[in-house]
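Residue numbers (the numbering used here), protein chains in the order written: chain A, 1 to 321; chain B, 1 to 425.
For the record, the hints were derived by calculation from the structure and aren't laboratory data.
Have a look at the derived ranges for each label pair, beta carbon to beta carbon:
1. B:Ala186 x A:Asp9: 26 to 34 Å
2. B:Leu222 x A:Thr2: 53 to 61 Å
3. B:Arg243 x A:Glu210: 32 to 40 Å
4. B:Arg243 x A:Gly11: 45 to 53 Å
5. A:Thr292 x B:Gly268: 32 to 40 Å
Heads up, the beta-carbon is just placed ideally off N, CA and C, and yes, glycines get one too.
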Amino acid sequence: MTHLLSVADLGRDGIDEVLRVADAFAEVARRPVRKVPTLRGKAIATLFFEESTRTRLSFETAAKRLSADVLSFAAASSSLKKGESLRDTVETIEAMGIDALVVRHSAAGVPQQVARWVRSSKVVNAGDGWHEHPTQALLDCFTVRQVRAEQGRDPRFEGLQVLVVGDVRHSRVARSQVLAYSLLGAEVTLAAPASLLPPSLEGWPVRVAEDLDGALVEADVVSLLRLQAERGSGAFVPSLREYTAGWGLTSRRAALLAPTTIVTHPGPMVRGVEIAGDVADLPQAVVTRQVTNGVAVRMAVLFLLLGAPGGAEGLGKEADG
Amino acid sequence: MADVLVRGGEVLDAGGRRRADVLVADAVVRAVGEGLEAPAGATVLDAGGCVVAPGLVDLHAHLRQPGREETETVETAARAAALGGYTAIVAMPNTEPPLDSAGTAREVLELGRHAAVEVAVAGAITVGRAGERLAPMAELAALGVRLFTDDGTGVQDGALMRRALDYARGLGVTLAQHCEDERLAAGGAMHEGSWSSRLGIPGVPAAAEEAMVARDLALVRLTGARLHFLHLSTAGSVELVRRAKAEGLPVTAEAAPHHLVLTDAAVGGFDPVFRVNPPLRGEADVAAVRAGLADGTIDVVATDHAPHAPETKDVPFAEAPPGMLGLETALAVALSVAPLEQVLALMSWQPAAIAGLADRHGGPVAEGRPANLCVIDPAATWQVDAGRLASRSRNTPYDGWKLTGRVRHTVVAGVPVVVDAEALR
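With the hints as constraints, model all of the structure from the sequences given.
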């Protein structure tokens with residue numbers, strides 16, 4: 001793996017490999033000392049040009065558990081405010097001797113640009129505009145596989161019905177999920193007000209649900225998206241009330257779900273809008289599990305980028321080391 | 001001024017093709033015929049294997065002076081134009097300050113007097129290009145300005161556009177519209193379609209262009225004024241203009257070279273060099289624009305040459321300023337989609353007529369006519385190297401492309417300014 005910019009970079013085999021390696025790292029979190037020396041001596045910088053608490057903490061926790069040195073760059077307090085260009089900022093940070101740059105930006109494509117500018121660093125996309133958020137989709141897949149195994153069900157994705165509900169138009173999570181789930185063999189259905197669907201779905205391996213209630217009955221996995229009101233998504237529907245009535249996972253709708261159906265949410269959740277408070281607290285809503293798994297999945301991504309000359313082969317040995 | 005003999009080529013103008021040498025003296029074509037003798041002391045330009053044509057005329061170039069001289073100047077743009085076969089270019093008014101008064105227009109015209117090609121000026125339609133009140137069009141027309149536009153933006157207010165058309169009709173000048181409904185386009189950074197949806201980049205729907213084309217056609221019908229549509233990019237726009245011409249409305253239209261050969265798929269790598277306005281469209285739009293060239297709906301290929309400093313393109317795609325270079329590549333790009341005769345109509349005599357420059361540019365190549373000529377080797381192949389362009393900027397979308405058709409010599413007002421593809425000025 002050169003960089004992780006899009007789920008498409010991984011392909012099906014790459015996703016499988018990340019999930020397999022993440023299994024091993026999830027075990028690290030259950031040890032008394034939650035740390036392995038795998039990336040000792042490596043330096044990882046998180047470059048968050050857009051604020052995010054949970055994704056940054058998750059990546060930094062993952063890097064620290066791998067014993068990497070972590071540098072944290074926050075745009076708000078940076079030289080960007082003094083007029084330095086994005087490219088100069090990236091080149092300056094890389095020049096400090098950084099092995100991997102974890103990039104979050106409010107504009108689509110910045111991780112791709114950063115990957116063209118760096119000399120030898122690996123670049124990880126931690127979310128770019130409406131484009132992609134690959135590690136979020138990977139941790140969703142990891143969580144679904146894990147929960148289904150615990151339920152005693154087939155953990156494979158072939159034929160799995162995944163329903164993505166909400167603001168797909170403005171969602172980087174949705175774009176990565178569609179790629180990841182469909183590459184793994186799941187069947188993805190979108191449910192959203194038409195104004196919150198992307199203008200074109202040409203080439204997307206998805207169906208659009210005509211009826212949310214019916215789609216919920218069929219779903220094995222329901223992925224709820226947040227209505228990104230702070231980005232103006234509120235103007236795409238008449239009101240939050242009407243959005244919740246039409247597209248929220250209310251208690252009434254939750255009752256339509258099969259008992260084994262898994263409900264995911266990338267966070268932050270807005271209770272009372274896309275998900276009712278009591279639904280968020282149901283056991284099948286796996287939001288905190290996703291957060292826990294996010295660390296293991298990001299450890300796997302960083303390991304595969306920086307620490308694995310032979311891919312995952314050396315993992316067991318090094319993780320014990 | 002030394003005499004110039006262009007020898008061994010094939011003359012091609014609106015009147016057709018014939019083998020002929022062209023003798024130029026004192027800025028005027030003195031003789032056109034086979035086997036002309038070079039007068040003593042004359043400069044002989046070899047045109048073997050080449051076509052000798054009226055110089056190209058660009059209706060749409062952003063020269064960036066005054067205001068952005070670090071990206072381009074009248075001098076550097078004119079040199080790039082000469083290398084591209086142009087003998088005249090029309091400077092767009094979105095400079096800083098804009099060309100909305102006699103003072104700024106006079107400055108650019110004066111700079112143009114020392115440039116490699118003739119520099120005409122397009123004046124702004126509204127003061128400051130702000131779309132609120134009319135610029136002093138009569139004052140500008142008195143300086144020879146024949147084309148007016150707020151290019152970079154369209155005139156959003158329909159009532160103001162109607163008044164501008166009425167006023168322009170009275171002055172005998174032509175308005176040119178950048179068709180873009182700002183509310184429909186708001187926030188968009190690329191064509192809205194399957195690529196924008198996949199890439200998560202906010203899109204500009206084709207309707208943002210077409211809505212203004214449709215409105216302006218209604219206003220032309222209302223006022224009877226002439227209107228030129230700048231850089232049309234969508235199938236719907238081409239169809240609207242096709243019907244308007246069939247109806248007999250006094251409209252003309254142009255397309256930019258990049259809209260003939262590039263689609264929104266080029267944005268897939270998020271390289272801001274491919275950000276341009278109007279945006280690169282889908283395949284069906286590109287096909288429709290080409291069909292518009294073929295059937296005469298589109299009268300002109302104009303570059304929309306828009307230099308930008310490298311650092312302004314080293315930013316996120318959606319934050320980069322729109323625009324790409326065009327003067328040095330336009331001819332070869334156009335030749336990749338249309339035959340030479342048609343390309344010359346689209347890039348020489350038709351734009352010369354719209355710009356009000358037909359008395360000096362666009363031919364015919366005939367005794368007594370002003371000597372503004374370009375000599376084109378239609379078979380020469382060359383590779384675009386962004387680092388070697390004469391423009392002060394580097395934002396060409398064709399870097400590394402192999403193109404066929406190259407300008408060998410350019411003669412402006414009787415003076416060779418490009419000889420063997422090297423600029424002399």
